Structure formats: structure tokens, C-alpha cells
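What follows is the residue order along each chain.
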Amino acid sequence: MSMSLTELWAILGCGVITLASRVLPFAFVKQVNMPAWLIDFLTFVPITIMTALCCQSLFVANPGHLATLNVANCLAAIPATIAGVLTKSLLMVVVVGIMAMAVIRYFSIGG
Amino acid sequence: MSPSLTFRTGVRDVLPTVFGYIGVGLAFGIVAHTSHLSLLVVAGMSFIVYAGSAQFIITSMLLLHDPLSGIFISTFLVNSRMILMSTSLAQYFRHESLFKNLLIGTLVTDETFALAMNKQNKTNGKLSFAWQSAANLVAYLVWGVATIVGAILGGMIADPTRFGFDFALTAMFIGLVYLQLISDRHLGLPLQLMVMIFVAIVYYFMIGLMSQNFALLVATVAGCLFGMEMKKCR
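Heads up: the sequence lines are chains A and B, in that order.
Going by our numbering, the residue at position 86 of the first sequence is 86; the numbering climbs one at a time, nothing skipped.
Going by our numbering, the residue at position 76 of the second sequence is 76; the numbering climbs one at a time, nothing skipped.
Looking at chain B on its own, in the form it has when it is part of the complex (with noise of 0.2 Å):
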């Protein structure tokens, strides 16, 4: 990943995540698919609602005939996490116009704000509205082709996983992850390992006490304050 912020830079740093997007894009296609959902509901919830887990989430409530209150309940759990992504990531264009970031902010994914936390590794910590929009407009982009792709085959193809497709989208985090383990110097190696172990532990106890999703937001916040804590020891 070069410095570099322009719009071209953004398409071309935003291609190793398209993998995952693909992956879990046709699985959630064929998914859909196979939840009698039609081609213009599948398109409307990955052009509108544009959340991967939350469209899983909302197909098998539609299919059990929940509640619409459930429904939006649940969406706004499994998307809480994007409240503290949002935040994390707005702060690096607090120079830009308002109407700006609420474009940033419209498109915003785990996949493409791990990405801007990558790269702002590798730019002193500068981000720039063309770059960001790049990584946002492909991955969009990306997702509502292969779900709506992944719809049309769903009939076709008897197992996608066969071929390892879905364990694109865990690579791509594990990489993530490890490259901001070792290029965030603000931070350090050993305070980030310490963090990283706390949240697994957290997650672990967690999900057997409550949903994935919600577990996810526990590890998270705790970790974030016994990151806190531990800093200030150092």
C-alpha cells in the first residue's frame, strides 16, 4: 500500500478486499435465493439496507415471518458497531465539508474502515475524501453485483463453499489485522497483543451467554477500555 490518496490509489488498495465481498456477496445471493426471495428484494437490501450480516439476518426473519419491530430491532444490534467505526473514522476527515462526510459515512464498512485504518498507518495519519469514496463506491458496488449474481446462480451451483470462497471474507480480517498490528506505532506491538488477547477471551466467554453479535460489541467496547487502562500504566 503506497502513500499516495487519490481516487485511482483507492481503487487499486480496495481490490485485495473485493474477494470477500465476492465470496460472501454470492453466498448471501444463494442464500436469498433459496429463502424465495425475489431478484428486486435481494438488489433492494444490497443497494439499500447494504450490511452483510444484518441482510442474513433480516432474510431468515422475513422467512420466519417475525415481527417488522424484531426485524429492526436486530438490524440495529448487529449494525451498532458501525456507530463506533463512524466515529473512529470521521475524526480523520473532520476537515472535510459536512456534506462530504455524511457521504463517507453513508457507504462505511468493517471492510473498508479497517482498510482506511491501514492506510492511515502509511500517511501519518492523513485520509482524503477521494481515496476513501474509491475504497467505498468499489466495494459497494462490488457487493450488490455478486449478491444479485449469487441469486441468479443460486439454483445452479449445489455447494459454493466447496471451492473455499467463503473463508475469503476470515482472510481478509486475519490480514487486516495483522497489518495493523505491526504498522500501528502509535500503539506498539506488545499493547496491541495484550488488547487483541484480552478481546478473544472476552469473545469467547461471551457467545455462549449471548448472540454473536452482541458478544462482538462487549469484546469490543471492553477492550477498547482495558486498552485505556493499560496505557496508562505504561
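Isolated chain A, as found in the complex (with noise of 0.2 Å):
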């Protein structure tokens, strides 16, 4: 149980650095009337954030070449997507991810 001055500058540092990005947000909207350009942006926000977190799994990046495909990701997201077609479930959604993937590391699949 220890802690080296750098180390708790770090998360002293950090912390606040993502306090601010999490917190001023809020008391910016809850202060100023957003231009409706603004807020037109925003309501594209939760389907773009969402692909592009999803996209990071699916992606391997080779910088200074193309992205090529996480094959394991990709393979395990089909049966993950089925499941979320057939019952809306985010539950369902994520176990049968976790055991597709279960599976395909069995199976030494995809690297």
C-alpha cells in the first residue's frame, strides 16, 4: 500500500481534468439558452458516440496503413446482434456475447 508523490499528482491531476469535462457541461446548459443549430448537433450525439465506441472493438488500427478487422470482435458480435434483434434485451444482448466470445477463444478462432 503505497504511493510515490508522481502517482498521486496523476490522479489528483486527472481527476479534475475529467471532473471538468464530465461537471462544466451541466452548468454551461443549465446557464445559457443553446443556439438551435447546437442543439440539432447534439441530438446526433448518443446514434454517433455509440457507433464510434462499438466501431473501436470492431477496428484494429495499424497506423500508417488501412484498419484491418478484429475477426474474434466481429465474429462475436453477430450472434450478440441476433439475440438484441430478437429479444431488445441489453441483458440478453451481453451474455450471449460473453459466451459467443467464450466459444471463439475456445475454438482459438480469429487469432
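Treat the hints loosely; a few may be bogus.
[Stated by the list, open to error] SDA-like cross-link-like pairs, simulated, lysine to any residue; straight-line CA separation at most 25 Å:
1. 126(B) to 99(B)
2. 122(B) to 137(B)
3. 30(A) to 191(B)
4. 126(B) to 191(B)
5. 100(B) to 35(A)
6. 126(B) to 12(A)
7. 126(B) to 35(A)
8. 100(B) to 20(A)
9. 231(B) to 40(A)
10. 30(A) to 186(B)
11. 100(B) to 83(B)
12. 122(B) to 91(A)
13. 126(B) to 144(B)
14. 30(A) to 102(B)
15. 126(B) to 41(A)
[To be verified] Covered stretches of chain B (in silico footprint by chain A; criterion: 3 or more residues with CB under 8 Å from a CB of chain A, positions within the stretch not fixed):
16. 3-9
17. 46-54
18. 101-114
19. 133-145
20. 163-175
21. 206-220
[As the list claims (entries may be wrong)] Facing chain B, from chain A, some residues (calculated, C-beta under 7 Å):
22. 46
23. 51
24. 57
25. 65
26. 76
27. 97
28. 105
No wet-lab data here; the hints were simulated from the structure.
Being a predicted model, the structure only gives us computed values, none of them experimental.
The C-beta atom is built at its ideal place from N, Cα and C for all residues, glycine as well.
Fit chain to chain and form the complex, with the hints in mind.
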């Protein structure tokens, strides 16, 4: 159980930076009437961020070259998506996804 | 997901996402353990910084003895998407007091944001302080505990990915994006699909040129602008 001074500063500094990124927009939106174009822009944030977060796990970055597919993740995504279409339940998507990945790892498919 | 917005419903709604937190939290604890971070540092990061991907980056930068300034800049860049998410989410809480707004903002994450956006599709665009706080608090505690357990178990588990738990987070986002797609009647299915394809293409080309987190930001902003233009043409 120890913490160096650098670690302490890293935690406190990064804590403040992260907190500011999260909290200041709430203070801003509460106080200021946002222009219509900004509200319009923000209506697309949920679908775009969630899509980009999915892409982060489905693509593998190769700096300087085109990206490739993360084959194991893409394969496991198929049954997970089907589970979503059939059940519309987040829990089922997660459970089926984990099971699919366990099977893929067991047979060492997709590297 | 029911339209109810009580604290209790919040706890129930957030439960499916908890698997993602446990999987990634354990993984972070294990990485931190192998990077020789003490339990105190792991707890400090999870409970004070509380930012999944940033924590991995801080850990590796500490290990490489990078300067604090570099660690701060990286953390800001990785978390800059939170500015977008918070601005988006805050619109649903303008009727609440400033203090409550700040409390909600303090614990917002990718997951609780995405969950809230799914929820408001079921409640005619309404969210409550009680519901959001429940989701935020459960996520916060589960993350913190999972990372500490991971750090303690770190030496014992040889390969935690063997059971597929690392895929929980990806599966969760797939589920959330699908539910968003079918339930956001305001934007509609064709427009959302076009925006999704556009984001994927931009992200695909950008990750060869810049860091993943920066590519995520560029793809998100480009996707929003693209969506705005497409909506005008409709």
C-alpha cells in the first residue's frame, strides 16, 4: 500500500481534468440558452458516439496503414446482434456476446 | 425497460451494463497489478479519476515515466468526448437545480449516458434525477470494486479473457446502439443508419492517421455534421 508523489499528482490532476469535462457542460447548459443548431447537432451525439465506440472494438488500428477487422470481436458481434434483434434486451445481448466469445476463444478462432 | 423513472428502476435498468463494468474493471485491476501499481493507486484512480480508457492510458504512461503534463493532456483528449455527452445529457436536466446537475455530471460515463438516451426513448424525452443518480452510483461502485478485486486477483488469474468477459463491454455497446436505432422515432431508422455507416467509414480511415481516441472524436463530430445536413435534405 504505497503511492509515489507522481502517482498522487497524476490521480489528482487527471481527476480534476475529467471532472471538469463532465461537470462544466451541465453548468453551461443550465445557465445558457443553446442555439438551435447546437441542439440539432447534439441530437446526433448518442447514435454517433455509440457507433464509434462499437467501431473501436471491431476495427484494429494499423498506424500508417488501413485498419483491419478484429475478427474475433466481429464474429462474436453477430450472435450478440441477433440476440438484440430477437429479444430487444440489453442483458441478452451481453450474455450471448460473452458466451459467443468464450466459444470463439475455446476454439481459438480469429487469432 | 419500463417508463418508470424512480431510483429503484434506475438500479434495475443499469444492471445489464454492470457486466461490462465487471469485465473491464477486472481487466484494469489486473493490468494495474502487473504494472506494479499499489491497491491504493488503483482505488485512487477508479474512485477519483473514474474514467475507463483514461485509466489504462495513465497506467501505461506512469509505467513509462512519462511527464505529468503528457499524462494530463492525454487524459483530456481521451475524455473530451465527455464534453459532448454531458452537453447532450444536460438538456434533460435543465429543470433540476444547478447542484443536482453538477451531481449528475460528476458520475456520467459512456455507459450511463447511452443508457439514459435509451431510457428517454421510452419516457417521451424525460429523465429524472433519481433514475440517473441510481444508474450513475451503481456503475461507479461496481467499477471501483471490480478494479480493486482485479488488482487483488491479478497474480492468480492467468488469462481472464479466456471466458470471454472482455467482450461484455463491446456487446453492451452493440446492444445499446441497436436499441437506440430502433427506438429513436425522432430521427428515424434510415437517417440513423446512414449516420452510423458514415461514422464507421470515417473512423475506419482515421485510425490509420491518428490515435484511436482522436479518431473516435473526429468520427463523432463528422457524423453529427453529416446527420444535420442529411436531415435538412429530408
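Status of each hint after checking the structure:
no. : hint             : result
1   : 126(B) to 99(B)  : 19 Å, holds
2   : 122(B) to 137(B) : 22 Å, holds
3   : 30(A) to 191(B)  : 29 Å, violated
4   : 126(B) to 191(B) : 23 Å, holds
5   : 100(B) to 35(A)  : 23 Å, holds
6   : 126(B) to 12(A)  : 34 Å, violated
7   : 126(B) to 35(A)  : 21 Å, holds
8   : 100(B) to 20(A)  : 16 Å, holds
9   : 231(B) to 40(A)  : 10 Å, holds
10  : 30(A) to 186(B)  : 23 Å, holds
11  : 100(B) to 83(B)  : 18 Å, holds
12  : 122(B) to 91(A)  : 17 Å, holds
13  : 126(B) to 144(B) : 29 Å, violated
14  : 30(A) to 102(B)  : 10 Å, holds
15  : 126(B) to 41(A)  : 19 Å, holds
16  : 3-9              : violated (count 0)
17  : 46-54            : holds (count 5)
18  : 101-114          : holds (count 10)
19  : 133-145          : violated (count 0)
20  : 163-175          : holds (count 13)
21  : 206-220          : holds (count 7)
22  : 46               : 4 Å, holds
23  : 51               : 4 Å, holds
24  : 57               : 4 Å, holds
25  : 65               : 6 Å, holds
26  : 76               : 5 Å, holds
27  : 97               : 3 Å, holds
28  : 105              : 6 Å, holds
Hints 3, 6, 13, 16, 19 from the earlier list are contradicted by this structure; the remaining hints agree with it.
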